Structures are given as structure tokens and as C-alpha cells.
Amino acid sequence: MHNKDCVKVAVRVRPFNKRERDAGSRCIVSMVLSSITIQDPRDCQNSRSFCFDYAYWSHSGFTQDCGGLYVPEEPGGRYADQDSVFQDLGEGILENALQGYNATLLAYGQTGSGKSYSMLGYGPNKGLVPKLCERLFQAVKGSQDTRQCQVFFSMLEIYNEQVVDLLSRGSRTPGGLRVREEQQRGFYVEGLRIVPCESSPQVEQLMEQGTRTRTTAATHMNANSSRSHMLIILQLQQIFSKESITKQSNVNLVDLAGSERQRSSGSEADRLKEGTAINLSLTTLGNVISSLADVAMGKKVVHIPYRDSVLTKLLQSALGGNSRTVMIATLSPADICYEESLSTLRYAERAKRIQNRAVVNESPTERLVKELKAENDRLLHRLTRLGQEGHRTSNETKELRQLLTHNELQIRAIQTLWEQHLQEALKDWEQQYANITQERRKMQMHPYILNINEDAQLSGVVKLFILEGEWDVGMCDSSPKSISIKGLGIQERHAVFRNEQRRITLTPLPGSKVIVNGVSVSQTTELQHLDRLILGSNCTYLFISYPSERSGDDWSRYDYDYFQSELAAAQGIHLGESSVGSDQTDPSLLAIFYDYVKLMPMMAEANQMSQELNKGVEFKLEIKNLTLSDSKGRDLEKEIVVRVTAGAKKQVWVWSKAKFVNRKFLMEEVYQQHHLERSGDNVLTRTDEVLPRDRDPFWDPVEPLLLGTAHLWLQSLAFRIPLEEQLEVLGSEGTEEAILQVQLVPCNASGLVLGEDDILIDPSELLDRRLDFQLVLEQCCGLRWIREVRSRGVQIGFRLLDCSQPLYTPAVWHNVNPLLDHKVHFASLHTSQRLLDYLQSSAVVLELWGLQEGCTELESSLEGVRMTAEGVFIIEEADPTDPAAADSSELCCSVRALQQDLEEMKNINASLRKENHSLREQLSAARNGGEGVRSRAVRPSCDAEFARSLKVFYQSMTSVRGQLQRLRRHRPSDDTNLLGLRLFVTEQSCLLKDFSEQLEQCVSTLKQDVAAIVRRKREQAGNWS
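For reference, each letter of the sequence shown is one residue, going 1401 to 2425 in my numbering.
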């Protein structure tokens, strides 16, 4: 009878990791019983709640006891330790297996969310898999009187749609093992090694062997373990002799690949397929779960894509089939992981709707035994009947006895097959135990290097011992005095270890890449205990010296991130760890730093693959917008990009992080295919076909590149003061790309330049009036982009106020100091307070775009742009449909009435002024005889003097602003020594002194000018009186 079982889903929330603590992350996940709520860090009002079968809070409220176990701080606390998780999930899986059901445990979540910790554990905190195996053999041992149990173990990995047997004793099969299908067995892996076990230590030993194979394969194939799926399969056969039945169960324990998704946007679109075979299994698994969830909701689904990937083929019974399935979804509660955590919760919510149909399994072997026994009973019955009836035909009796003997031999062979397999497995286990014992003995006697992997579960697995004498390190392992290391960038003879008089030295050989403690070395280097080694592109090892030099240090802190952070610091990319608190460092900069560190090994591997494939492409990490700001002067959001330079033509692309990661996996496919062809039997007959450009992950069509920006502040326009500047165009990381000569010229509607008499003292005088000005781009000098390659060109782009699309200058090519001579006339027909605020607080951002041979020039899009017949761009005009002006007819009437009153008052005031002016002229003529004429000429001259003073002040402040920019960019180089730092401090002091003097002089000059103007006005006022 089929039982409908929904997939049970558990969610576990882990503690913050080091990266999240350093970034000052905030917990955005809360949990009440089995309900989980996640809050959007950008919108406190936006939150989502989910309900699951189990919810485990492992984020806080725990402590570590003397044995290293993580336990709740208080008895009965909310912290869920490894035992709590196993009691709910592991015990249920074990019970189902003992009842004869197939059972599956899936671990899902982004890389680093705690999947492997929950599944395998770490140190004394054992995970679900070892606890399950331990309890299984306890149950087997406790029921030997009623049943005979046989346990088989197998372990495999799926990477890039290839199946690798992690317990195989032979060489790795090219292309991986094949997945086949039989009507009775379903999908299975052909040639997968299945090892019988009779104790938990044997299983742990096999898991260690599988982990070692997985580590070696990941290094040799340049594979990323976070993108691989690991499957552990336990087959349990229970033979009940009295009942003459056998129950057979398959327990699948699956550690899925990291579920993180790259953010997709128009700027990150890639012409090549995203995901490729690397992500195919995980993508297909999501499609299968979605389809099964739709079926459970009553929707009509035509096709469930089990056959689209290797993983879903092997998990077909676990998803909608004959299995009782549990999924544990792990997530980070940090705000910087919001999108990934929300995606994980949605995925788990769909999975809990899936319905399976589990049945108790009866083994085909047991049916055969039962059929043979039944046939033997019939044969015995016939022999007995023949004897009773007296019809004893010798030939017939002989034939029946032969059949009976043959059947008994078959039954005995089937029953003894288990013992034979077990004896073979015991021999292998004893050999492996002897090897491990020998390795541990060596660890207590000799120095060695210990592998460090991105996956903590794979670190410390490989130990390469450095015995006395001279040892070659590299791909070649033919010599008895060699240490074999295989990986990307490893030469046949890469380096030499020397162990003489208890001193260990490392000598790189010519052409090889060796890094010690983050610094590249080319000469013989003496190694110290816990030195960090990187050989080739990314083979990372920790050096462990003689036991006498091991002082009980904590080696665990030297993880993969430590290696990469040390390497980044040596390259000048580092953020000091604050001992006071993480709030002293900008969290966004920390996030960028960790992205940089994460991409560094990938970039090194991409460069190495490019070199070995003769692609001539170089990859370099850059921090986008490190020193750039927007039109308000606010820092732009920073992100990591990859600068790609190819060929003798120096073609350049800038790829986003997501695009580079996708291309990196495509490069791996090309690289692995290349090596398979080279190592094949048909080396002499093969042809090196050039990969078509449209499928080449190392190439892209060239596009314009944003080289840098400059800010032209608009404040002078609010006073109708002309401005002429030489602006430094700064690149993304603060490098000077060019000098741009520009002008802001106030003008009238016909384009004639305004004079000094048109300068305003109060910008509010522009309200409701027309404002015209011209942006003049005169020349671009010292273009670094064209100095590098003369065949290149540039364009300048800019936009003002509400312009949706930028305007571009015509392209100029092949000139380091091109004349632009580009003039654009802008006009505001009805200047508003909003425009005045914009002019006084904003800048126009001038973007310098680089052009390359073959790329399309940028064109100004005039869609939605308002222009006059004379080609004047309208940036603001009176809007008759403004909702603020049409709120109510009553308000409009009131405004009109007030305007009429205002006009009348203006007229009365003008007539009074005219009369007052006439009376004053008469009085002055009577007293001073013509003095009034001179005084009338003085009044407006004071305003003109004040405007000229303001103009001088703004021009002098421009040079002060330039000096401030130079101060910001003035930094010591990465390799500066103590003497260089002293010189830098001296130069910095001089620059600060110059800046202070310039600023003081500007302010002092303005004060003197204003004081002189005020003094003259007072004198004139006294003369008038």
C-alpha cells in the first residue's frame, strides 16, 4: 500500500561568521517555534514569514564546554545543538530505514551557511551523517537475534555533470561514471564501488578516504568544491530468517552545492549562457521541486524534468517517488546575506509541498531465495510421492535430485556472497588503517605541509612529508625523491625542499610561482613553523615544522580566508582589524574587501588557464567607484569588477563580478577539454581546433569603457558668474586619466555672453526669470588611454538636472591632447527654487568614455529632450499642468487677487520713489551744487565692485578645491620604506601648509574687499546726509 508523505523541511540559522562580525552585520531573522520571519534590511516595514516542520535557532545562546562541544548557555535554552537536530531528523530517517523504507536527507543553502557542519560536523560536534551511522550499527548490534543486517556504503561526487566515485581504488574515469536506468532499479551509477561495513569506525574511515579523494580531485581538476554535490548512499538489507523476508532500504545523504545566485541586471548580462553545466544540476533540482509543488497544489504539469541532470536522475525516488525525504535548509541571519537567505526560504517552502509515495521494499534476492526454496519443496514433494506410489524411475529420480542440489547451491552462494564481500572490505580497511597509523607516526617525527582548502571539510586532509635530504616538488612523480603535487600552474619540477640539520628551505625553480606568507619569492627561503605556502595558481599549504617547534598554537585560524587576506594585504589591499570594535571600519568597504579576497584565487586561476591555452588574456581585479562620487558629492556604491586586457591590440573589457564568475566556469570547461584531448590516445591524430569567437569565454565584442569622471560645480551659475576650470578626470581607483578644460558661461537667449554688470548678489533674483548658460568643453589633455594605444578614441558624456539620457561630444581619435570645441546651450525658461537649489549644491558629472577599434561610438539620445528651434536645451520651463498650481480654483483666485494688489503696490511704490528721487535731487543741488549727480553714479558702482569681489573669490576657491583634491590623492606607495614614509609626511605637511595659506588668503581677500565696499558706502551715505 502506498503512503502519501510530504517532504519534511527543517531550517537552521547559524551564528555570524568572521566576515559578518567584521562588517557589523545586523540579525534580520527571528524565530518563534517553527515560524521564521526575515526582514528586508532596506525597508523595516517589509518582512516575510515562513512556517516549516522544524526550525532550529543556532545563532546565539551557546557556549563551548571543556570537550569542545557547543551546548546551550542555560539548560533548556533555545540554542539547537547537533544532538537536537539529530533527534528530530536523524532518528526519523533511521526509523524509516529500519522499517524498510527508502530515506533521503537533503542539505540546501548558500556556500558557508552551515550545510557541511549540519551534515558532517566539525571536531567533537558530529553532524547528522556520522551520528546516523553510529546509531544504525547500534541498532544492528541490538537486533542480531531476530535478523541479519547487511550495510553497504558508497560515496560519490557530482561536479560539472560528471560523477566521480570517491571510493574508487583505480584511476579516475575520463568523463566520469555513467548513469544508467533499469526498470526495477531505476537510475543507478554504473561501476560505483559499494563497500560492505559492519561497524561505525569503518564508515568513518571510508568517509575520510572519500574526503581525501575529493580533495585531490578538486586540486587536479581545478574544481570548486562549493559547486559540487556529494552523495553518501547507505544500503541496508535486513534478512528475517523466521519470517523468510528481506527488507532493503537505501538511505541517500546529500550535501548539495552552494545555492547562491548571482545578481542579474542589464549591466551584468552575458552573451554566453549563464550557469552552464556547473549549475545545471542545482537549476534542474529547482525546476523539479517547482513542478512537484505545482502537482501537489493541483496544477496540471505535463513534464517533470528528472532526466535533465545527473543529480535529479539519482534523486528521482527521493522527490515524488518511493522515499521518505527530509530537507534541512541552512541560512545566514546577516543583513548582507538577505537576498540569498530569502531565496533559500522560498526554495524550502516549495519543497515542503512535494508528496512522495513510500513503500516497504522487498529485495529481489530474497524473492529468488524464496522461489528456489519453494521449488525445492515441490521437488521433495514429488520425490516423496514417487517413493510412496512405488514408481521409482531411476532417471527421473536422479534428475530431480540434481535440480534439488543445484537449487541448494544457488541458495548457499547467495547467502555467502555477503561474507565474501565483507572479508574483501576488511582487508582494504586493515590496509587503510595501517596507512593511517603510519601517517600519524610520521606526523610525530617529521615536518610536513598540510593542504588548506576553501571547503573547511577538505582542509588538513593531504599531508606531504619532508624527510631528510633534497626533494623535488611538482607534477613529476617518477623520482623516488619527489613530492607529487598536481594543480593549475604547477610545473613538472616546481620547487625543491631541502631538509638538512633540521632546517627546512624552499627553492623555487625558474618559471614557477611560489608565495610564502603572501610574498612572492624567487630565492631560497628558510621556512618557519606555520608558514603559509601557495604553489602555482592556488595550491595552498600550511608548513608544520618538527614537533619540538610546535608550541601548541591554534592552527585553525590559518584557514583559506587567512591565506587570501594575507595575499591581498601584500598587494596593498587590506583593512586593519580593529581591536576596539568593527564600527570603526565602513561595513561597505569590508564587504568589498571580502569580495576582493574571494575573487583573487579565481583571477589567478583564470590568468593561468589563459597562459596555458595561449589566449594572451590578462585579468586584473579593480574596485569600481573607489574614489568617485555623484553630482551631489556623495560616494558612489563600490563594487568589484575585473579588467580584462587581450592581445597585442590591448583590447580592454570590464566585467562585473557575476559575469567573471560565470566566464571562469566556462573557462574551466574549455581547459579541462583541452587537457582531456592532450592526454587521450589520439594525441598524434587530433587537430587543435580554434574555438569560435562566439563560444570563446576569453573574448567579448569591444564596447566603450567608462575611464573616469570629473565634477564641474554649478554654484557660480546661481550668481551668473562665468567659470573657467581645468578639471582632473579621475579613474575608478583615483588615477589621473586626463585634464579637461571647460567653461560655464552665463549668456542671454541669443547666446551673447553676459558682462560684469549682470552678476547677481542674491540668487533669488533669478526666481521666475529665464536663465541661459553655455557648457563649453574646450580640450582634453594628457589622455592616458590614448597614450597607451594610439588607435583609441574618447568621448565626453554629461547630463543636467532631470535629463534621463546623457549627451555626448563627437568622438575624437588618435590624439593624446584632442581639441573638443564642443558647446551646448541650456536654458531655464522659468527658474524655480528647485533649480536654484540644484545649482548651488550640485555638479555636472563629466564622464570620459574610452573607444576602441571596432566599437560603436556613443550617440546622444534626444528622446524626451526639450529643445528650441535654435538648438537650445530646455532644462526647466513653466508647466501649466503642474498639480501644485491646480489644486483648487479658490487658491488660484486668491493668488490672482494678491498679484493684482502686488502690482498696484509696486506702481505706488515706483511713483513715490520717483517723487522722492526728484526731491532729493533738488535738495542736493541746493546744498552742494551738482553733488547729487556724482552720488547717483557711485551707488551702482558699489554693487559692481561687490560682484567683482565675489567673482575673484569663486575663482580663487577653484584653485583651493584643486589643492584639496591633490591632498586626497596624495598617498604613499605600497612598497614605501621608513625613509619614504618620512618624505611622504614632509610633503604632506607642505601641501597642508599651502592649502591652509591659500584658503586663508581667499577668505582674507574677500573680507578686505567687503570691508572696503562697506566703508565707501558709509562715507557716501555720510556725504548724502
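The hints are simulated quantities; they were obtained by calculation from the structure and are not laboratory data. Computed from a predicted model, the values in this text were never measured in an experiment. Among the clues, some could well be false.
Quick list of the computed label-pair ranges, beta carbon to beta carbon [said to hold, decoys possible]: (1) Asp-1995 x Met-1875: 28 to 34 Å; (2) Trp-2213 x Gly-2155: 37 to 43 Å; (3) Ser-2029 x Asp-1995: 19 to 25 Å; (4) Asn-1687 x Arg-2187: 21 to 27 Å; (5) Glu-1590 x Glu-2018: 22 to 28 Å; (6) Arg-1612 x Ser-1484: 27 to 33 Å; (7) Glu-1739 x Gln-2408: 40 to 46 Å.
Every residue gets a Cβ at the ideal spot worked out from N, C-alpha and C, and that includes glycine.
Hint numbers not upheld by this structure, sorted from lowest to highest: Violated hints: 4, 5 and 7; rest satisfied.
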